[in-house]
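Peer 1: Just need the whole structure built from these sequences, with the hints factored in.
Number of protein chains: 2
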Amino acid sequence: MSAIKYELIKKSSDCDARLGKITTPHGEIETPIFMPVGTRATVKAMTPEEVKDLGAQIILSNTYHLYLKPGHDLVEEAGGLHKFMNWHGPILTDSGGFQVFSLGELRKIKEEGVEFRSHIDGSKHFISPEKAIEIQNSLGSDIMMCFDECVSYPAEYEYTKQSMERTTRWAQRCKDYHKNWDNQGLFGIVQGGMYKDLREQSVKDLLEMDFSGYAVGGLSVGEPMEIMNEVLDYTVPLLPENKPRYLMGVGSPDYLFEAVIRGIDMADCVLPTRIARNGTAMTSQGKVVIRNAKYSRDFSPLDPECDCYACKNYTKAYIRHLFNVDEILALRLTTIHNLRFLIKLMENIRTAIKEDRLMEYKEVFYKNYGYIQD
Amino acid sequence: MSAIKYELIKKSSDCDARLGKITTPHGEIETPIFMPVGTRATVKAMTPEEVKDLGAQIILSNTYHLYLKPGHDLVEEAGGLHKFMNWHGPILTDSGGFQVFSLGELRKIKEEGVEFRSHIDGSKHFISPEKAIEIQNSLGSDIMMCFDECVSYPAEYEYTKQSMERTTRWAQRCKDYHKNWDNQGLFGIVQGGMYKDLREQSVKDLLEMDFSGYAVGGLSVGEPMEIMNEVLDYTVPLLPENKPRYLMGVGSPDYLFEAVIRGIDMADCVLPTRIARNGTAMTSQGKVVIRNAKYSRDFSPLDPECDCYACKNYTKAYIRHLFNVDEILALRLTTIHNLRFLIKLMENIRTAIKEDRLMEYKEVFYKNYGYIQD
Chain A
1 MSAIKYELIK
11 KSSDCDARLG
21 KITTPHGEIE
31 TPIFMPVGTR
41 ATVKAMTPEE
51 VKDLGAQIIL
61 SNTYHLYLKP
71 GHDLVEEAGG
81 LHKFMNWHGP
91 ILTDSGGFQV
101 FSLGELRKIK
111 EEGVEFRSHI
121 DGSKHFISPE
131 KAIEIQNSLG
141 SDIMMCFDEC
151 VSYPAEYEYT
161 KQSMERTTRW
171 AQRCKDYHKN
181 WDNQGLFGIV
191 QGGMYKDLRE
201 QSVKDLLEMD
211 FSGYAVGGLS
221 VGEPMEIMNE
231 VLDYTVPLLP
241 ENKPRYLMGV
251 GSPDYLFEAV
261 IRGIDMADCV
271 LPTRIARNGT
281 AMTSQGKVVI
291 RNAKYSRDFS
301 PLDPECDCYA
311 CKNYTKAYIR
321 HLFNVDEILA
331 LRLTTIHNLR
341 FLIKLMENIR
351 TAIKEDRLME
361 YKEVFYKNYG
371 YIQD
Chain B
1 MSAIKYELIK
11 KSSDCDARLG
21 KITTPHGEIE
31 TPIFMPVGTR
41 ATVKAMTPEE
51 VKDLGAQIIL
61 SNTYHLYLKP
71 GHDLVEEAGG
81 LHKFMNWHGP
91 ILTDSGGFQV
101 FSLGELRKIK
111 EEGVEFRSHI
121 DGSKHFISPE
131 KAIEIQNSLG
141 SDIMMCFDEC
151 VSYPAEYEYT
161 KQSMERTTRW
171 AQRCKDYHKN
181 WDNQGLFGIV
191 QGGMYKDLRE
201 QSVKDLLEMD
211 FSGYAVGGLS
221 VGEPMEIMNE
231 VLDYTVPLLP
241 ENKPRYLMGV
251 GSPDYLFEAV
261 IRGIDMADCV
271 LPTRIARNGT
281 AMTSQGKVVI
291 RNAKYSRDFS
301 PLDPECDCYA
311 CKNYTKAYIR
321 HLFNVDEILA
331 LRLTTIHNLR
341 FLIKLMENIR
351 TAIKEDRLME
361 YKEVFYKNYG
371 YIQD
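Residue numbers (the working numbering), protein chains in the order written: chain A, 1 to 374; chain B, 1 to 374.
Hints are computed from structural coordinates only; laboratory data are not their basis.
A couple of the hints might just be wrong.
Same chains, same label: a pair holds when it works inside one copy or across any pair of copies.
[To be verified] Straight-line alpha carbon distances no greater than 30 Å define the calculated BS3-like cross-link-like pairs of lysine-lysine that follow:
id	residue 1	residue 2
1	K21	K344
2	K110	K179
3	K312	K52
4	K52	K83
5	K294	K5
6	K5	K175
7	K161	K21
8	K344	K83
9	K52	K344
10	K69	K161
11	K21	K110
12	K83	K287
13	K131	K367
14	K69	K83
15	K5	K367
16	K204	K367
17	K354	K287
18	K344	K5
19	K312	K69
20	K69	K287
21	K294	K131
22	K11	K69
23	K83	K110
24	K83	K294
25	K344	K196
Peer 2: The following block contains the structure:
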């Protein structure tokens, strides 16, 4: 069980934020970190070199999507996901659970696993905990995730309890099936919805299995921010100090701050890349909706404080023009900017933890920026 | 009249190909050259740095499209097209004539100019020779083109004659209106369809006006290759040796060879970038239609002889996967490859002229490659 190592470097004095380092078979990751998402073996609109140049240290890719297309067996034949997609840094793969459960009517949950129909062609499939590990073994990611059920919000206590207990049983099966611990770590996923006793039970059971790290799942699924904060407040302190902690599906600056000050080390989300392709930039002055007519003759960069390629070389007027005529470069430039914005934010957060002034930095940032909630 | 200078370096002994150098306000261009097209102030899917890294020395942009969106006045306010789009090398702009005449029913030709409706919103516009120059002056391109009528193929003698004579009168008006000769060259466009006496007359009249260079227009409009070759055979030798010669709208390897051996220095076409986005790669072994099932587990590059980023880092299987799931990187990689393929071809052609073995190289290339005719 040595593929993944976590080293705690420093703790904040006025919150639970922590500076750390994760060692993986494909390199080290400084935490807290934001992980860009490369759903289908590519971070949308980007080359791997560009993603790396932005300062990204790890990316996430999706088991469900790669299982359907091009197929995990093909990726394995290609030499694994790193080689297939030309990204030679660390990769985390999810378990496919979230996507499968999002299929709603198209899936049926059983103790053995989940039966579902492909969202592409309606073909029938079955993913069990063992299958999820088998797929991730084929992909060869540095960090794999246990197959879990992500319960939607709101959910009844009784259902949430049953689901969490099944997720725990599935976690054990994932662990038992995984044979490649030297090259691939495996994270357990804490579930239990918005119920404290269920979260506590989930953590307790998972800790006994001793995973490479722990994710807090089932958050950022539509609940108010206060509830997410509350769940993190009572869940994260239960997690061991010597393992990385990953909050799934969070990628807006305010949520990232709230998570980090509660002790989260890793987060991922399609938000920055998705809103980029819709023409929305995250900037130090708040959101910029680039199609807005007021930018038609604005010859300043998207964000005057940003050091990215888009901001150093192009104006709002130009990027707006590119969006207006459906040019691919529009999506590229805005994606570059949004990813750099979040990666730079996490760099600043790490520096602030190091200098023990994170809460102060948070206040300044919020004042300039305001909230993004998409 | 000094913005554009042409220097003849070497002539082939067994054909009319010539090695040369064009000096422009934004740098030098080695000829013969292929010019990537950046219709709407961007070479589709590419950054300017990427275009430059492929070896492109000049790009083409479109007056008609930029006039409609974002408007030439906005581009001028942005500091000109070079600054607006972040391309600091030479730019050639067409006159808008070709696009306007392609509108068919939507346009009406008068002696004064052409009245037309926008293909975007149906709004009414009028472009005269003077207006075409005014727009290109605002854009600030290094090489501007005279406003001409590109007659379609086939066309009657009488109409072709009238049209050519009007194009000649418009050329004089373009020349008279242009005031910025120190910073922007202006090329005349030879018309006259497939009629030798009309081409001769067109050349004779244009030469009297003494332009910075001469384009052969009205070719590659659907005529068989033999006819294009024939027109070039009797037209190009009439053009002065000390000015660049530009064949408009040609971008397949075979057409480029045929043009170059007849003394053409410059060519442009959307072909390589357009077919790239449809999933077709030009390679040293002929066309590769990447969506073809036979490539699903082909872990070799698009073209084993190519030195581009796509071929050095990705397999056919990966690029095919990207096309299958509609990823932008698919378009980027194939565009990079096709542009590099043509630019490299032109590099090889220049070397072959230098070593006086162009006809030999042509034969070898054709044998491996076959024709592309899209």
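Peer 1: Determine for every hint whether it applies to the structure shown.
Peer 2: Against the structure, the hints come out as follows:
no.: 1; hint: K21 <-> K344; verdict: within (17 Å within a copy, 45 Å between copies)
no.: 2; hint: K110 <-> K179; verdict: within (24 Å within a copy, 79 Å between copies)
no.: 3; hint: K312 <-> K52; verdict: both (18 Å within a copy, 18 Å between copies)
no.: 4; hint: K52 <-> K83; verdict: both (15 Å within a copy, 27 Å between copies)
no.: 5; hint: K294 <-> K5; verdict: neither (49 Å within a copy, 42 Å between copies)
no.: 6; hint: K5 <-> K175; verdict: within (17 Å within a copy, 72 Å between copies)
no.: 7; hint: K161 <-> K21; verdict: neither (34 Å within a copy, 76 Å between copies)
no.: 8; hint: K344 <-> K83; verdict: both (27 Å within a copy, 27 Å between copies)
no.: 9; hint: K52 <-> K344; verdict: both (13 Å within a copy, 28 Å between copies)
no.: 10; hint: K69 <-> K161; verdict: neither (34 Å within a copy, 58 Å between copies)
no.: 11; hint: K21 <-> K110; verdict: neither (38 Å within a copy, 72 Å between copies)
no.: 12; hint: K83 <-> K287; verdict: between (36 Å within a copy, 26 Å between copies)
no.: 13; hint: K131 <-> K367; verdict: neither (47 Å within a copy, 50 Å between copies)
no.: 14; hint: K69 <-> K83; verdict: within (16 Å within a copy, 41 Å between copies)
no.: 15; hint: K5 <-> K367; verdict: neither (36 Å within a copy, 57 Å between copies)
no.: 16; hint: K204 <-> K367; verdict: neither (39 Å within a copy, 70 Å between copies)
no.: 17; hint: K354 <-> K287; verdict: within (28 Å within a copy, 55 Å between copies)
no.: 18; hint: K344 <-> K5; verdict: within (24 Å within a copy, 47 Å between copies)
no.: 19; hint: K312 <-> K69; verdict: between (37 Å within a copy, 23 Å between copies)
no.: 20; hint: K69 <-> K287; verdict: between (34 Å within a copy, 25 Å between copies)
no.: 21; hint: K294 <-> K131; verdict: between (52 Å within a copy, 28 Å between copies)
no.: 22; hint: K11 <-> K69; verdict: neither (42 Å within a copy, 53 Å between copies)
no.: 23; hint: K83 <-> K110; verdict: neither (35 Å within a copy, 60 Å between copies)
no.: 24; hint: K83 <-> K294; verdict: between (44 Å within a copy, 21 Å between copies)
no.: 25; hint: K344 <-> K196; verdict: neither (34 Å within a copy, 64 Å between copies)
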